[in-house]
Structure formats: C-alpha cells, structure tokens
Amino acid sequence: MSVAPLALYGVDLTSRLLAGTAQYPSPAILASAVKAARAEVVTVSLRRETGNGRSGESFWTLIRDLGVKVLPNTAGCRSVKEAVTTAQMAREVFGTSWIKLEVIGEDDTLQPDVFGLVEAAGILARDGFSVFPYMTEDLVVAEKLLGAGCEVLMPWGAPIGSGRGLNNRFGLKALRAHFPNVPLIVDAGIGTPSHAAEAMELGYDAVLLNTAIAKAGDPVMMAEAFAGAVEAGRLAYLAGAMEPRNMAAPSTPTAGLPFGGSLRA
Amino acid sequence: MQIRVNGKELNVAAATLAALLNELDYQDATVATALNQSFVRKADREDTHLHEGDAVEILVPKQGG
Chain A
437 MSVAPLALYG
447 VDLTSRLLAG
457 TAQYPSPAIL
467 ASAVKAARAE
477 VVTVSLRRET
487 GNGRSGESFW
497 TLIRDLGVKV
507 LPNTAGCRSV
517 KEAVTTAQMA
527 REVFGTSWIK
537 LEVIGEDDTL
547 QPDVFGLVEA
557 AGILARDGFS
567 VFPYMTEDLV
577 VAEKLLGAGC
587 EVLMPWGAPI
597 GSGRGLNNRF
607 GLKALRAHFP
617 NVPLIVDAGI
627 GTPSHAAEAM
637 ELGYDAVLLN
647 TAIAKAGDPV
657 MMAEAFAGAV
667 EAGRLAYLAG
677 AMEPRNMAAP
687 STPTAGLPFG
697 GSLRA
Chain B
1186 MQIRVNGKEL
1196 NVAAATLAAL
1206 LNELDYQDAT
1216 VATALNQSFV
1226 RKADREDTHL
1236 HEGDAVEILV
1246 PKQGG
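Residue numbers (the numbering used here), protein chains in the order written: chain A, 437 to 701; chain B, 1186 to 1250.
Check the hints yourself; a few may be wrong.
As the list claims (entries may be wrong) - List of simulated lysine-lysine pairs, BS3-like, C-alpha gap at most 30 Å:
(1) A:Lys580 - A:Lys651
(2) A:Lys471 - A:Lys651
(3) B:Lys1247 - A:Lys651
(4) A:Lys517 - B:Lys1227
(5) B:Lys1193 - B:Lys1227
(6) B:Lys1193 - B:Lys1247
(7) B:Lys1193 - A:Lys471
(8) A:Lys505 - A:Lys517
(9) A:Lys471 - A:Lys505
(10) A:Lys580 - A:Lys517
(11) B:Lys1247 - A:Lys471
(12) A:Lys517 - A:Lys471
(13) A:Lys651 - A:Lys505
(14) B:Lys1247 - B:Lys1227
(15) A:Lys505 - A:Lys580
(16) A:Lys580 - B:Lys1227
(17) B:Lys1227 - A:Lys505
(18) A:Lys505 - B:Lys1193
(19) A:Lys609 - A:Lys580
As the list claims (entries may be wrong) - According to the in silico footprint, chain B covers these stretches of chain A (three or more CB under 8 Å from chain B):
(20) 439 to 453
(21) 492 to 506
(22) 524 to 532
(23) 658 to 666
Read the hints as simulated data drawn from the structure, not as lab findings.
Ideal Cβ placement from N, Cα and C applies to all residues, glycine included.
Bound-form chain A, shown alone (with noise of 0.2 Å):
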C-alpha cells in the first residue's frame, strides 16, 4: 500500500523510520540492520579518533556506500557554543546541512537544556543549517524552536537509551495536536516496535532510534521488525482507530440468534 512521503526540509521521505548507527556489534551488522530498517537516514557523530587507527574513515565509507542520507548530531554537547561549533564542522565533513542538535543539561536524564537548544537552533537556521532540533514535549519550546527557524521537531519519547517508550503520551498527544503541519519525529526512548507504532499511531510522523536496534539480541531482525511496526502504525493512523468503550460489544450479529436466546440459563 502506497503512502504519501514525507518532508523534510523539502527532502521526501518514504521510510519514516530514521536509524542510529551507534553501539552496533560490528559494522557488517550495522549495515545489514540499515537494509532490514529500511531507513533511508542515519544519524552520524563526529568525534576524536581513538587510537592510531583510521576507523572513522572506514565508518565514513561504510555509510556512504549505504547510499543513505546523513543527519549529523551535535549528542554530547552541553554548551550553546560547543554545539554551534560541532554543528559546523559536521556540515563540513558530512557535506550536508542537516543537523540533529542536542544541547545536553543533564546527566542522568540526558534531558535538553531547552534554553541552549532554541538559542542555538537560532544561530544554526540564521547560518543555513536544517535544525532537527532533540526537545522535550514542551508547547512553548516547540513554538520558540519554531520561531527561532526549525522546520521539524523532534520530542524525546523517554530519556536517550532508556527504551522506556512514551513517558508522556498526553503531553506527545497534544503537541501533535498543537501543530498539525509540523513535522514530528519521536526521538529517543523507544525500546519495542510497539512503541514505534504507538508514536506513528498518535500521528507522529516518524521515529527516530537506535539502541533499541543495536542492543537487540538480533538486530537485523529487530531492524526489520521496527520496520513493519513504523509502517503499521502509520496505517493505522491514516486509516483512523476506532473509539474506546467501557462495555463490551458484540461483534457478531445478534440479530438471528439461534434458539432465540431460549437456552441461556
């Protein structure tokens, strides 16, 4: 069944389901759990290299031959400045625009400091950059990122690497609510493909994961079964769910009830 792409920063979409490609148990496995999620972007990080090895060259050329698209993140940083300057050089290398922007303020929770975030989306979008902007759930952050040039928005779902799934299902709800032309992607938190689904089901429009696939007992097989949930959901949010009711039923017809009802006891 054939569903409408879609946009991002005028880049159509038809997986909605973008991928990490940290923690995996080696870089063929990495690869292959690409292919099974048919993920048509991965998310990428710059970092120092360990030793006197080329290993990030090697990783750049695995993900090129992918023949995804990059979204480079800034995790780690905790400062405005570090994640402006990150943001630039990953511009540079990964030759792309796109920036997934995290601003960290806190340890434990690896919360957004939503205060560094907008004002470094701010200086990124005046800058040219495409901000996929990593937030809490927040009404009011979600319309100063808005205001200060992001064109998506990425809520986490619960905190980075928790696989706790939706933490705040009402509050997620009436973001989507709040801006229903937004492109929203849930990002962080999610552990089983049933919460993928439960996001796409609460029309979000894609999510976004990693160690949910990479710390699978078989992550190719777990890419592929993120897949099919993300796809799900998606129907199912297009196709409209039925209302919830307190009191059962019946499925089946009453009408024509064999015996009439005359053998209840």
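Given the structure of chain A, go ahead and fit chain B onto it with the hints provided.
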C-alpha cells in the same frame, strides 16, 4: 611549541593548522578542525597560525544516535 590536540599536550613543529595535520599524518583523512573552540574551515587551515597553548580539535566521522 606546546599545544593541546584533542585534549593531549603535544610538542609540535607545525606553525599552521594545515601543517599540523600533515605532521600528525592526517593529510589524507576526512577530518574537521576547530581552534580554541571555533570552527576552522578546510580552506582556512593553511592561513591559520598556531600559538603556544592553543587547543586544537581534530574530529572524524563516527557512529551516532
């Protein structure tokens, strides 16, 4: 000249950022550079002079989430 490269103290001969990349064997590598926390474009490395105590970051593509 004593500078910090990726957080480590190094004694280097290079006078420019471009020369430093050569000295550290990064000449053919895909890297991004920053000097004292400010981005330095590839095209500007040749003209970016290093001074005692400078902090240089040389970053490469890595896995990310």
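Right, here's what the structure says about each hint:
1. A:Lys580 - A:Lys651: Since the Cα atoms of Lys580 of chain A and Lys651 of chain A sit roughly 35 Å apart, the hinted pair is violated (cutoff 30 Å).
2. A:Lys471 - A:Lys651: Between Lys471 of chain A and Lys651 of chain A the Cα gap is close to 17 Å, so the pair holds against 30 Å.
3. B:Lys1247 - A:Lys651: Holds, at roughly 18 Å.
4. A:Lys517 - B:Lys1227: holds, 20 Å
5. B:Lys1193 - B:Lys1227: holds, 22 Å
6. B:Lys1193 - B:Lys1247: Since the Cα atoms of Lys1193 of chain B and Lys1247 of chain B sit roughly 20 Å apart, the hinted pair holds (cutoff 30 Å).
7. B:Lys1193 - A:Lys471: Violated, at roughly 38 Å.
8. A:Lys505 - A:Lys517: Holds, because 26 Å separates the two Cα atoms, which is no more than 30 Å.
9. A:Lys471 - A:Lys505: At roughly 13 Å apart (the allowed maximum being 30 Å), Lys505 of chain A and Lys471 of chain A satisfy the hint.
10. A:Lys580 - A:Lys517: holds, 19 Å
11. B:Lys1247 - A:Lys471: Since the Cα atoms of Lys1247 of chain B and Lys471 of chain A sit roughly 19 Å apart, the hinted pair holds (cutoff 30 Å).
12. A:Lys517 - A:Lys471: violated, 35 Å
13. A:Lys651 - A:Lys505: Answer holds: Lys651 of chain A to Lys505 of chain A is near 23 Å, not above 30 Å.
14. B:Lys1247 - B:Lys1227: holds, 19 Å
15. A:Lys505 - A:Lys580: holds, 27 Å
16. A:Lys580 - B:Lys1227: violated, 33 Å
17. B:Lys1227 - A:Lys505: Holds, because 22 Å separates the two Cα atoms, which is no more than 30 Å.
18. A:Lys505 - B:Lys1193: violated, 33 Å
19. A:Lys609 - A:Lys580: Satisfied, since the Cα-Cα distance of roughly 19 Å is no more than 30 Å.
20. 439 to 453: violated (count 0)
21. 492 to 506: holds (count 5)
22. 524 to 532: holds (count 6)
23. 658 to 666: Check failed, 0 qualifying residues.
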